[in-house]
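Student: Chain residues, written in single-letter form:
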Amino acid sequence: MAIDRRHFLIGTAMTLASAQASHAFAGVLDDEQFGITSGDLIAACRRPDGTYSVVILSVDGSILRELPLEGRGHDIALNQAGGEAVVFARRPGSFALAFDIHGRREPVLFTTPANRHFYGHGTFSRDGRLLYATEHDNGTRAGVIGVYDASGGYRRIGEFPTYGVGPHEAILLADGKTLAVANGGIETHVEPGMTGREKLNVETMQPSLAFVDSSSGRLISQHMQSDGLHKLSIRHLAQDASGAIWFGCQWEGAAGGTPELIGCAGIDTPLRIIEPADPMGARLAGYIGSVAISGDGRLIAASAPRAGRIVYVDTQRRAIVGETLLMDSCAIIAASEKSFAMTSGMGIVQVDAPDHTHLSTMTFPGRSFDNHVRMII
Amino acid sequence: MKHAIARYFVMAMVCAGFGLFCAAGAAPVAPDFPEINARVIDKYVLPRFTALAATSGRLAASLTRACAGEKGAIKAVDKDYADTVLAWAGVEFLRFGPMSQVGVPERFDFWPDPRGVTQRQVAQLVAKRDASALDPAMLAKKSAAVQGLSALEVLLFDAAHPITGDDDAAKYRCGLARAMAQSTHALAQEVLTDWQGDSGWRQRMVSPQAGDPRYKSAEEPAADFARALITGLQMIQDREIAPMVAAVPSQGKTPRLPFSRSGLSARYVGAGVTSAQDLYETMGLGRNVPADKEWMPRWISAAFERLARDGPAAVEGLGRAKDTAERTRELRMVRFHIEGIRKLVGREIAPLAGLRIGFNELDGD
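Residue numbers (my numbering), protein chains in the order written: chain A, 1 to 377; chain B, 1 to 365.
A couple of the hints might just be wrong.
[As the list claims (entries may be wrong)] In silico DMTMM-like links for lysine to aspartate or glutamate, alpha-carbon gap of 25 Å or less:
hint : chain 1 : residue 1 : chain 2 : residue 2
1    : A       : Lys177    : A       : Asp149
2    : B       : Lys216    : A       : Glu191
3    : A       : Lys177    : A       : Asp227
4    : B       : Lys43     : B       : Asp32
5    : B       : Lys216    : A       : Glu198
6    : B       : Lys343    : A       : Asp278
7    : B       : Lys43     : A       : Asp49
8    : A       : Lys199    : A       : Asp213
9    : B       : Lys216    : A       : Asp60
10   : B       : Lys71     : B       : Asp198
11   : B       : Lys43     : B       : Asp198
12   : B       : Lys216    : A       : Asp355
13   : B       : Lys253    : A       : Asp60
14   : B       : Lys141    : A       : Asp49
15   : B       : Lys343    : A       : Asp213
16   : B       : Lys343    : A       : Glu191
17   : B       : Lys75     : B       : Asp32
None of these hints come from the bench; they were simulated from the model. Every value quoted in this text rests on a predicted model; they were computed, and no experiment measured them.
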């Protein structure tokens, strides 16, 4: 059962699942004070007691709603118009939890078929009726997009290939029909004695960015990393106002040879890694954990949790224009035209602008926020 | 002042160069995590929760006397309340063990409270004269916002409605305050109990087992201690320093600080800093750093000393007319020392000790 702020305020001597108790005290509490509004955030996290959940929280430090998860979550697909969210298990988990952000309906827990697992990401169709999730085919070890009927209890109704191995984030482009899929290129496998996270093909991996027609599964175009960068795994995606798709990478090669990690491409435009005047790849510890586009569509924020940095890229100049230092920070999302909300594994929710304007910080002590965050608009 | 600014920038450059120090130096001696865990729990954690149980017990007793009309008891209430708040400041950021359980910290003190829930809900209880709230066991089942120290502060520090009045309303408020203190004391005792015994948190953290869902290795409790230290300092930054910084440009604006109604905000900041420093020193993380990093523990110790002095002073300076620029500089220095300690412990000292305290930085996606 969901734990929302109202239940939490009621006190904790009762069990969290005690609906009877919540009704008994509902009259004492003002539920309207904790309604979900525009600007609130949704994120998966580890709770102080070591269990996992997905929370809706406000930047003023209030947890507005909380739903326990059976394992560690990762990203959230958000159907803004329908008020529906789906949190995906972290790879190689196989569960996902769909819930109404206002708590008007019972959450729906659904899973992949037995020979598939999620990669932690997914996206809704524009009309909110379908959910596309990146998945692993444990038989062929290829990437697939699982298609789920959001209007029918999240029944899996089909799948199509991602045209690569180890897909991670998939986003629906502004045209409302094309999926951009980051094929990370890293082969994994789930079998007894393995965690499903072991990297099996680093020497031969071949990452790519694929553009797929979401209605037919047809491959529209695909860009491969160059041979010299075949260990540069493409993981996270965002589209800017001009239509370009920006990606953040993770380097699987030797630390001494860490290349730049952020680039852009288009359906008909090959991958292009930006080369700042001051090399950044090693300073970012070879690892981008999340990317997000600003509200005005002009700035990309890319988080580097291993370096405790978030860098900002001007998409028109293709230049780094600022950075924020935040230990163990990963999740990032636009908070306004030119500012970003970010969370960290140390329980921090912060709002910053690339010009070093620090707008707010709140700490949720003992809580560790996971790699991705979404904002309710 | 010129000297202070120069020092600020020198230290800023030092902090910016932390990364450069990572590459140099010999591998440190691996710490004895089981020994550290036992030491932290026995010499740092348990004495502080014992103190919280003792002060809250005295508070409940003095409130009982005050409600019975004993002359002079209200003076003892003020002192016992302050002692309890300061004892709480010493443990509030220790969100492991019993304090990791959902709602426990909030029942001790519901803060931050940006929507003013405590004031509103306590007022509702008083208006209704809800008799069930006078029973501490029943109160414990109500909203976290009507339990604990901030709720108690609403009742104890209301000059217009003293709890010592003879009318029924005052008697109800006194009874409610007594129930709040008794409930807080009972919670502190529960926390102490939860640390004890073969299946208690002390045993789980000192002797982790592979089958324990929370602590499987001795490194994990030690990482929790380091994480608590870092987030504890961040809480002081967010909840006390940042509101003061935000209030500086608006002359006359009073920042919303914890325990401002009782006038304890400055001492509360000081008690939190002192406890964080005690945790750092009890862990002994800075003992085995390589020679090229020996300046780090020295800098951290000096920064803690500065914070223990400057943090409370910043709160005490709130009511005094002061040059805005100077006040901004003072607050920035406080923030700088908090950030400096956090970064050195999180990025250097803890990793050097073999602690992995990150969540996203470890094996992300």
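Student: In ascending order, which of the hints set out earlier in this document are inconsistent with the structure?
Tutor: 3, 8, 9, 10, 12, 15, 16, 17
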